[in-house]
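J.: Just so you know, the sequences run in chain order A and B. Note that our numbering has the first sequence beginning at 1393, numbered continuously upward. Note that our numbering has the second sequence beginning at 3, numbered continuously upward.
Rather than coming from a laboratory, the hints here were simulated on the basis of the structure. Possibly wrong hints are sitting among the right ones.
As the list claims (entries may be wrong) - Derived lysine-lysine pairs resembling DSS-like cross-links, with alpha carbons at most 30 Å apart:
hint, chain 1, residue 1, chain 2, residue 2
1, B, 109, A, 1571
2, B, 75, B, 180
3, B, 180, A, 1571
4, B, 75, A, 1571
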Amino acid sequence: MRGWRQWKIYVPLGLVMIFLMLPFYWMVTTAIKARHELLNTTNPFWVFAPTLHHITTLLTQTDYGRWFLNTLFVSLGATILSVSVSYMAAYAIVRLRFRGSRVLSTAIFLSYIVPPAILFIPLATVLIQLHWFNHLWALIPIYATFLIPFCTWLLIGFLRNIPRELEEAARVDGASYLKIMRRIILPLSIPGLISATIFSFTLSWNEYLYALVYMFSSANKTVSVGLTTELIHGDVFQWGQLMSGALLGTLPVVIVYFFFVEYYVAGMSGALKE
Amino acid sequence: MAVVNLEHIWKRFGETVAVQDFNLETNDGEFVVLVGPSGCGKSTMLRMIAGLEEISEGRMTIEGREVQHMPPKDRDIAMVFQNYALYPHMNVFQNIAFTLELRGVRKAEIKTQVEEAARILGIEHLLQRKPRELSGGQRQRVALGRAIVRHPQVFLLDEPLSNLDAKLRVGMRAEIAKLHRRLGVTSFYVTHDQVEALTMGQRIVVMRDGQVQQTSTPLDLYDNPVNKFVAGFIGNPAMNFLTAHFEAEARRLSGESFSFEVAPRLSEALSPYTDQQVCVGVRPEHIQAVRDGSETRASTLKGTVELVEPLGSVTEIQVNVGGTLITAQVDRNINPRTDDSIELSVDPAHVHLFDMSSEESLLAQQAAA
C-alpha cells in the first residue's frame, strides 16, 4: 500500500521533471558536441566526442564576454533600483493612510498588465527625446518600468502580513518612520525582498524586446540579443556557439536560485511565526 | 507618575462615532480600567492617549502638558499590546533595549537598566532568546519589561492578558497589580473582562457604544450601578432582571410568580411609578432557597428548576419564574433537582430598580436629585 502511494507521487513527478529538464539537457549536449555530430548522429541524445571548441570560439571570437558583463550590469542595476523603489512604495501604500492609496495600488498593478510590445514605441520616443538611445545604462530605468509595478505588487502582499502593532510599538518606543522601515520592517521583509530580487533579476536577465530595439551597437548588446543577432547569419545557425552562450548565460540565474531559494523558503516559514 | 486629564474627547471615523465626549481626570499614580463589550471604544480611547490615533475633538494633558498634537514618542508613555508586539527578529535583550537605544542612552547604562527590568519581572535567564522561543506568559513579561524600562509617566495596557490561558491570566493579573504598586505609575488598562476590571482597577470606566456609562470604584459600581447596562455587565454571574408592577397601596412589586415587599429605602424612588411597570434587578447571591417548613418570607419567587450547577462552595441554579430564567446561588445543602418546584426568597435590601424605557437606575436618579 505504502509502495503504491509513493509510486503515485514519484511517477508523475518524474515525468514532469523529464519534460522540464529536456531542453536544458539538449542545450548542454549541443554545447559540447563536435560540429560533425550536431546534424549527423546515430543517437541525438548522446555525445560521442565531447569538445569545448564552441565555448572557446564563443569566448575568443565574439563579444560574448562583453554581452555577459552588459547583462550583469543592467540586471543588477535594474534589480537594485526596482526593489528599493518598490519597497518604499509598497510600505507607503500599505501603512501610510493617504487619500487614494487604494486606487494607486490598483493602478500600479494595472500598469504591469500592459504588454511591452505596446509600450516599446512610446518608450522609444521618450528615449530619443532624452538622447538615451543606444546607451546601455538606459536599460536600467526602462526595465524598472515593468519591474517596479510587479515588485511593488508583490511586496504589498508581503508587508500587509507584518502586524501593524509592531510598527505601533516602535512608534511608542520612539522610532521615526525611516527607523521603523530600517530596523523593524526591513529585517522582517527579507524573504519578500529576496523573492522580489529573484524575480527582478531573472526578468531583466532574460529580457529581449527592449534590449533588441533600443541597443544597436554590438558593444551594448545583452546576452539574449547578442546571441540571436550575431550568431545567426541569414539562415545559418551556429548551433554549438548558440547553445554554449545560452548555457553560460543561464548560470547566473541558476546560481541566484540555488543560493536564495532555500533561504527564501526558510524565511517564509519562520520569520513571522510568533 | 502623572495626572492625566481627558476633557471632552471625541473620535469619529467618517460618520461613525467611536468615542463620544469622554471625560476623566486621574489621580497621580492611579490604576484606571476601561471596560466594556467589544466595539465600545475602549481600545480607541487608549490608542488616542498613546497618540496612535488622532483625536477628533477635545483636550488631553499629561501632568499639565497638552499632548493631543504630539507624536507618541514625545508623550512619555509606554504601551503593552494585546498580542505583545515583540520584534520577532530581536532577542529579549534587544527588544527591551530598543527604546533606550533610540533615545541615545549609553551601552553600559542600557545593560544595567535592561537587567534591572528583567530582574523585576523574573526573566533574566531569557534575555538571549528570541520571542518565538518563549511561552505566552514569558512574552507578556518581556512586553511589560519593554514598557517599564522607559520609566514613563503613563502606562497603557491594551487587553494584555486576553491571549493567556485562564490559570496564567489570574497569576499575571496579580503580578501586574503588584508591579503597579511597586512602580506607582499612572496606568490605563483596557479589558472586556469585568472580573479583571473589578480585581485590578482602583477606578473603573464602563463604556458602551462609545459612551461612558459610569466611572467609579469597583465596589461602588457593583453596589450602585447607574443603569441596567452597568448592572448587567458588572458581576458574575450577571444580575437577574424581572418586569414588575408597582402596587402603591400594598407597597409591593409583583409579577408572574413573584411578589416583593418594597423596602423603605425604595419607596421614595418608586413614588412616580404608582401602578406602573418597573424593571427589578437582583444579583444571584442575594437570592436564597426557602427551606421547607420555614416561615413565609416577605419577598418570594416561585419557579421550576431548569439547571443545577454545583460549584463546590455554593450551588448555582437556573429557575424558570413565570417564563423568565433566573440565576441564583443557593446553599449547597439545599441540593435541588432539575424540574423540582422551588421557592426562593430575595433580600429586599439588595434590590435594584430601573426605568423600563430609559433603563436608568431609579435609586441613582433619587441620589442625584
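J.: Give a verdict on every hint.
T.: Status of the hints after comparison with the structure:
no. : hint            : verdict
1   : B:109 to A:1571 : holds, 19 Å
2   : B:75 to B:180   : holds, 26 Å
3   : B:180 to A:1571 : violated, 34 Å
4   : B:75 to A:1571  : holds, 13 Å
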